[in-house]
Amino acid sequence: MNTQKLSHEPLIRVVKRTERPPRQVTLLRALALVLSILAGGLFILSLGYNPIEIYATILSGAFRSKIAIQGTVKIMIPLLISSLGVTLAFKMKFWNIGAEGQIIAGAIVASYFALYHSDWNHWVLIVVMFLAGVIGGGIWGLIPALCKMKWNTNETLFTLMLNYIALHIVDYLRDGPWKDPGSQGFPKIARFDANVMLDKVLGVQFGWIVALVLAALIYIYLRYTKQGYEISVVGESTETARYAGMNVRRIVLRTMFLSGAVCGIAGMVQATGSDITLTDAVAGGVGFTAIIVAWLSQLNPITITVVSFLFSVLEKGSSVVQSSYGLSTDCADVLQSIILFFVLGCEFFIRYRFVMRKKGGNA
Amino acid sequence: MSQTPANPACAIECRQITKTFGSVVANDKIDLDVRYGEILALLGENGSGKTTLMNMLSGIYHPDSGSISIAGQPVSINSPVDAMHLGIGMIHQHFKLVDAFTAMDNIVLGTHGKRLAPKVLKERILEICHSVGLEIDPEKRVYEMSVSEKQTVEILKVLYRDAKILILDEPTAVLTPQETGKLFAILRRMREQGRAIIIITHKLQEVLEISDRVTILWKGKSIDTVNTAETNARQLTELMVGRPVSLSIQRPQPQDPQPVMDVQGLTVKKPDGAIALDGISFDIRSGEILGIAGVAGSGQKELCETIAGLTKSEKGHITFKGEEILGKTPAEIISLGIHMGFVPEDRLGMGLVASMGMVDNMLLKSYRSHKGMFIDRKPARALAEELIRRLEIVTPGEDTPVRLLSGGNVQKVLIGREIESGPSVLITAYPVRGLDINSSYTVYDLLNEQKQKGVAVVFVGEDLDVLLELCDRILVLCHGRITGLVDASSVTKEQIGLMMTGSHSGEVQQ
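If you read the sequences in order, they're chains A and B.
Counting along the first sequence from 1, when you hit position 317 you're at 861 in our numbering, and nothing is skipped either side.
Counting along the second sequence from 1, when you hit position 395 you're at 410 in our numbering, and nothing is skipped either side.
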């Protein structure tokens, strides 16, 4: 027996803790938020700016005028809708990281009608484009689900790859069949006709109403309907779902269609309400941010609404910081990451605590 | 049986070991002594802290307080590597082997010494085998091995590392009575070689047969240590449960048993194409409990799931009072007016949704019956409340996730729900596995109650003593075939053991 190998107790050990009461958990999360703002302040300070000023500019930049608020809401629309979309899939533990592609797919199909049927009655056209967004995004969500059910493919890779395919389809359309003849050789898709544009409510395209209605609908859907119940059971254990006589295959396909469809709505709303054309930046990373928003909100549609609003404030505010201080918007990404680091990091302290080695070495 | 240990020096001395997980105190100031040259049985119900204590000895957990001495030296075991250096080897209940590797490869995996030439290594392993009486083909791959061969590899793994202290976590749970006998002979050999052996078990007969001393844990505390020669099953049970209990299981006479379900020539394949059930035929009768015995993995799971309509079959028939139900989905079976209750082996992974509360779990099979697209939670809540009251389920509330309940309460939730659906056939797979004695008896009572109501009960079990006492007839499965269908009151444990290995078949004895 090798007795020379006796080692000391480690300096710090991680130990699972008693479940904290909900009030303490909320307090801890609030503390994490405060700490993240402080840490972000240090970061700004290190760049040579006054953190209080910068933070104030972020806030005022997002709210200082009617136009600023409208700008903030405009950023929020696709983020909120696609966060709701991925939530449906995540509830089922289906790792849909293809919101980006589903947004684009929805936008592409809707754009077809925007480009070639702009003469239709305005409301008929809007309804058709809405359905087009649903179908485009839905099919893009359905493909990986079908392959997973049939050949047990990995949905994470599959949905990710479909993002790039969707993106390059837009490039192809832009450079080829849908190229704007009036752009003098510059590759772009024509601006949509005014008849196509989504109407404004309170100065912002009505996509925000769509987003809020979807939040309420999805909240009810997940919580109070049979299909929502099935999603939770499948997400927890497909064995249990099978035991309960659920058709797992059908539930997965249906849910992924819905998940993609909701993201497709985000694409349709963005293209026809904000961009008024189709570009390869129609999703612009929103599909990835949506994943963070969904998990940060613990897949609760109400919390998602709040969190996506806060993310939009930060983004709008930082663009103002950029124009008035010359601070790159990349700094906003760093700030965002710092906040995420603290907020997600605090989950660790909710569940674990550290134990230091007792004085005197081995106990 | 107990001999005076050759070397009375203490192999392990644990003093005041405490370990908590959150609010759960898994080990509360436990004292444990093990000597070289003895077999110590660690006895306790599930949740009494046996595995936690052993995991601290093998370096998986670190105690919150208390001290461990190995061979008289105070030590701190921070990792399984430390444990290995200290000469402690653990044989886990769930084997930790690489299926695609040979026995040899698995044995040397993780050792740091120079890699030996395969020929030398083989010699060395066979030498170890010979010294304790183990038998193994070192070049056989793990996926081709039987359960007891895999266990042999696990034992060789620790012997190859020259472990002087061996910990076996429920080693007999997966063995037939004959294999258990062989294992015990090997353990005795190792004892004679001066090794210290700890065997974790909750089977009293085995404790009495193999051990020199018994340490009993109860609710995380070390209650007592007794010399095996000076104790008996009754005393051990009382120490283990914390109060006197009656150990006999009731078996009311079956009332007018009538065949309700007839299984004919049933053949089922596993997902990987292997035959799970090979043309078996039997019937299930109302008002009786049909026990199903067999080594784990002999087709029990497939049999239960096929009857419940969850698994597709290759051929055969299952008829319920003349009506074919094979090939029908659970929903279709219910629409025929046949109610089947099924308590699967994996309670939290299959029978219940672990993260949901009792209310949502009550909905699992019934949520479809409500019209419309919305879920009606009212009847489910009423049912949950009634079960809590009637079965004395201990839970903070009917919305508390069921995974937070104790094993016994989880099983009450599951059986309660299945019984409440008013089944005519109730299939239960290992319904008392992992439960404490109290909860086990509650389950036996519930099953007997169903039997007396005329329900046809199927009980898949692993403890032959229980099967013999509780069931009316016992069906023995071996490699997917029926090797015996016997009257439980006129058969012995040994006979069933032989049928489980397929070396002897029994007939229905009426």
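The reader is advised that the hints may include incorrect statements.
Claimed, not checked - Not everything, but these chain B residues come out facing chain A in the computed CB check (under 10 Å): (1) Val241; (2) Glu245; (3) Ala369.
As the list claims (entries may be wrong) - DSBU-like mimics (lysine-lysine), calculated; alpha carbons at most 35 Å apart, straight line: (4) B/Lys468 - A/Lys770; (5) B/Lys197 - B/Lys336; (6) A/Lys694 - B/Lys468.
Keep in mind the hints are simulated off the structure, nothing from the lab.
Glycine residues also receive a C-beta, built at the ideal position from the N, C-alpha and C atoms.
Original post:
Does valine 241 of chain B meet its interface restraint, that is, does its C-beta lie within less than 10 Å of any C-beta in chain A?
Top reply: Status violated, d = 29 Å.
Subject >> Status of the hint placing alanine 369 of chain B at chain A (closest C-beta pair under 10 Å) >> reply: holds (6 Å)
Subject >> Holds or violated: lysine 694 of chain A to lysine 468 of chain B, with C-alpha atoms at most 35 Å apart >> reply: Roughly 45 Å separates the two Cα atoms, so the pair is violated.
Original post:
Per the CB criterion, is glutamate 245 of chain B less than 10 Å away from chain A?
Top reply: violated (32 Å)
Subject >> Hint consistency between lysine 197 of chain B and lysine 336 of chain B [alpha-carbon to alpha-carbon, up to 35 Å] >> reply: violated (45 Å)
Original post:
Is the Cα-Cα distance between lysine 468 of chain B and lysine 770 of chain A 35 Å or less?
Top reply: At roughly 33 Å apart (the allowed maximum being 35 Å), lysine 770 of chain A and lysine 468 of chain B satisfy the hint.
Against the hints set out earlier in the document, violations occur for numbers 1, 2, 5 and 6.
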